[in-house]
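**Student:** For reference, the chains in residue letters:
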Amino acid sequence: MNQDIEFIVGSERRLLDLIGRDEIIPLLAAAVRSGASGASVLDDAGEALWQDGADEIDGSSPQRRSLRLEGEPVGTLQVSGEPGLVRPITDLLHEVIQILMTNNLKRMLTTEIHTQVVRQSYEELLESHQSLERSERKYRELSQSLDAQVKERTRELQLVHAKLLQQEKMAAVGQLAAGVAHELNTPLGFIASNLHSLGKYVSRLTALLLRIREQAGGKSGALCALDLEEQWRVQKLDFILEDIPELIEQSCDGAKRVQRIVEDLKGFSNLDGATLAELELEQELERALRVLSGKLPEGTRIHRNFEPLALVNANPALISQLFFNLISNAIWVSDKPLVLSFRNWTDAAGLHLSIADNGPGIDPAILPRIFDPFFTTRDVGEGTGMGLTVAYDIVHSLGGILSAYNVQSGGACFELCLPPQE
Amino acid sequence: MIEYDEFEKRLVLKVVYYGPALSGKTTNLLRLHELLAREQRGDLMVLDTKDDRTIYFDLLPFFLQAPSGLKIKLKAYTVPGQVRHDATRKAVLQRADGVVFVADSQLKETTNNVESFQNLERNLKMVGLSFDSTPLVIQYNKRDLPGIVSTEDIDRVWGETGIPVHRACALDGGGVLETFRALLGRLYLGVDEKISLESDHGLSREDFIAQILRPASGDSGEIDLREGGLE
Ligand SMILES: Nc1nc2c(ncn2[C@@H]2O[C@H](COP(=O)(O)OP(=O)(O)OP(=O)(O)O)[C@@H](O)[C@H]2O)c(=O)[nH]1
Ligand SMILES: [Mg+2]
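The listed protein sequences derive, respectively, from chains A and D.
Residue numbers 1 to 422, in the working numbering, belong to the letters of the first sequence in order.
Residue numbers 1 to 231, in the working numbering, belong to the letters of the second sequence in order.
Keep in mind that the hints were calculated from the coordinates and are not lab data.
There may be inaccurate statements among the hints.
[Claimed, not checked] Capping the alpha-carbon separation at 30 Å, the derived lysine-lysine pairs in DSSO-like fashion look like this:
(1) D:Lys73 - A:Lys106
(2) A:Lys236 - A:Lys295
(3) D:Lys73 - D:Lys108
(4) A:Lys106 - D:Lys108
(5) A:Lys295 - D:Lys71
(6) D:Lys9 - D:Lys73
(7) D:Lys108 - D:Lys194
(8) D:Lys9 - D:Lys194
(9) A:Lys236 - A:Lys200
(10) A:Lys336 - A:Lys256
(11) D:Lys125 - A:Lys106
(12) D:Lys108 - D:Lys125
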């Protein structure tokens, strides 16, 4: 699997990439409030990037400090005013800006890695998030602009989260494609083979027909009949005539199967669209099962305990994805011949549908966390840890609840409950 | 992949310290930071560690200038050695111009060394770098410990590969500069081939190495050569 690499770790940065206006202006303003006549930050070419107060110099030259990134000068801090007063202000301001830059750089580098290392375990993400927060806190004591930074970081993390969700969708589409290719191959295989046989039959029939036309040209009736009989045998017409309808029927069947698979797939093709439809949940479940049929281990048994329930108004693609994820999960954990049990019912809370498997069940210790993003019990590289999160998000977006528990016979059960719709 | 900006007269090079967990990669950078002149280097940046284990990476930049005015920045990174941080390792390895492989000399670490080396080969390929054309130097670290692989065995394993091997005790700095020097030498050759450092920029291999390896002042200026290379 080729993971996308979007950033080059450690690519070169400039001052503008690193500090935001919202962060620096309050600092420069603070210097002016404390007595400087002007404070500005210049880029490496000496152009002013940000400024507060007047840059005028009353005779004395301004204080200048080089701003360094990874030890390299990338700009200059310049503060003008009465030297005795302004020097310590400049030193302090310089220190604060340097810390701000270093912190921001670290944050950017770690965020980049986060984006790349999507499979890293949930624990570590949490850990480094916390330590990011710790370094954030240090900075809070030095600057007022924390709020903007936190927002920015939250946005970055949300971006990472959104990317992961998208990736999960793409992964599902990939699995789907593999399953479908498998499913399509069988009917397409025999359609092709039947057409091949039919082609051969047609050439035999043609040979016979040519012969008839030739003979109709004059020979005596008896001879003609004899020869035809012989040709009939040579071309194996009895067998051909018997086989043709069967081949045609088989091929039509195959074509219908292909058609149905394509229909099922259409359900998935509009993941991000907002199309709503009145759906029968059970049918959508069957659809997901069919799409996954190539993945179901041999000997899988499926129990259905369905009663007719009200229709649900939802985006079919999302519902397909929901069932796809839940069933994929069951397939993944199964360690013996898989038994899936589906059941639906209605009560005051709304509409229920449960999917139970006969796998090892969910360790009670991790039960509270299985819907968390990034959480996975699979080995690195085998799951994004987002499948159940996506399922949860989907049910949530419908105003419902997805819960997980272990059933008495041992397996895990996922139950969704959708509120009654008016 | 050398980052060269002819217009800005700027060249950025990247070297990566690779190797199994706890082999001493971060320690190597710490020692370089201590031993080399402040004017030639930036600060050592250590991104979040957990119990001294690198989670992201460490970074130590070096600077030098060629007589032509070309500014050269060389960034030395360490990767996290722990197996589970493979994706991070890959990310850090991208576009590396040279690699130091830090092996742990302890016999009980042999398997880890081998696995990490195989991991390096695999990851170089995955980030689109060729193993054969990436300058590589091997360091056998922790020579001070008991129960370590013998020099003869090291020779036997690496001798015919032609990859230079250095022994080191990064804890007290022995062999650290020598390893780095060997890598710089190899790195220079590759860069010189591409952008003619010597003929176009007047920077010889010796100057390139000597500038970066300028010892920190206050130091005697002598480089500790106790653990010489096996080259
Ligand atoms: N005895 C001895 N210990 C060493 C030597 N070099 C490093 N160490 C110790 O080995 C431990 C790990 O060193 P690090 O430099 O943090 O290892 P690392 O390769 O960066 O490890 P990761 O970040 O987990 O990949 C530290 O306790 C070092 O002090 C050495 O030459 N001799
Ligand atoms: Mg380390």
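**Student:** For each hint, tell me whether it holds in the structure or not.
**Tutor:** Structure-based check of each hint:
no.	hint	verdict
1	D:Lys73 - A:Lys106	19 Å, holds
2	A:Lys236 - A:Lys295	42 Å, violated
3	D:Lys73 - D:Lys108	38 Å, violated
4	A:Lys106 - D:Lys108	35 Å, violated
5	A:Lys295 - D:Lys71	57 Å, violated
6	D:Lys9 - D:Lys73	11 Å, holds
7	D:Lys108 - D:Lys194	41 Å, violated
8	D:Lys9 - D:Lys194	15 Å, holds
9	A:Lys236 - A:Lys200	11 Å, holds
10	A:Lys336 - A:Lys256	33 Å, violated
11	D:Lys125 - A:Lys106	28 Å, holds
12	D:Lys108 - D:Lys125	28 Å, holds
In this structure, the hints that do not hold are numbers 2, 3, 4, 5, 7 and 10, in rising order.
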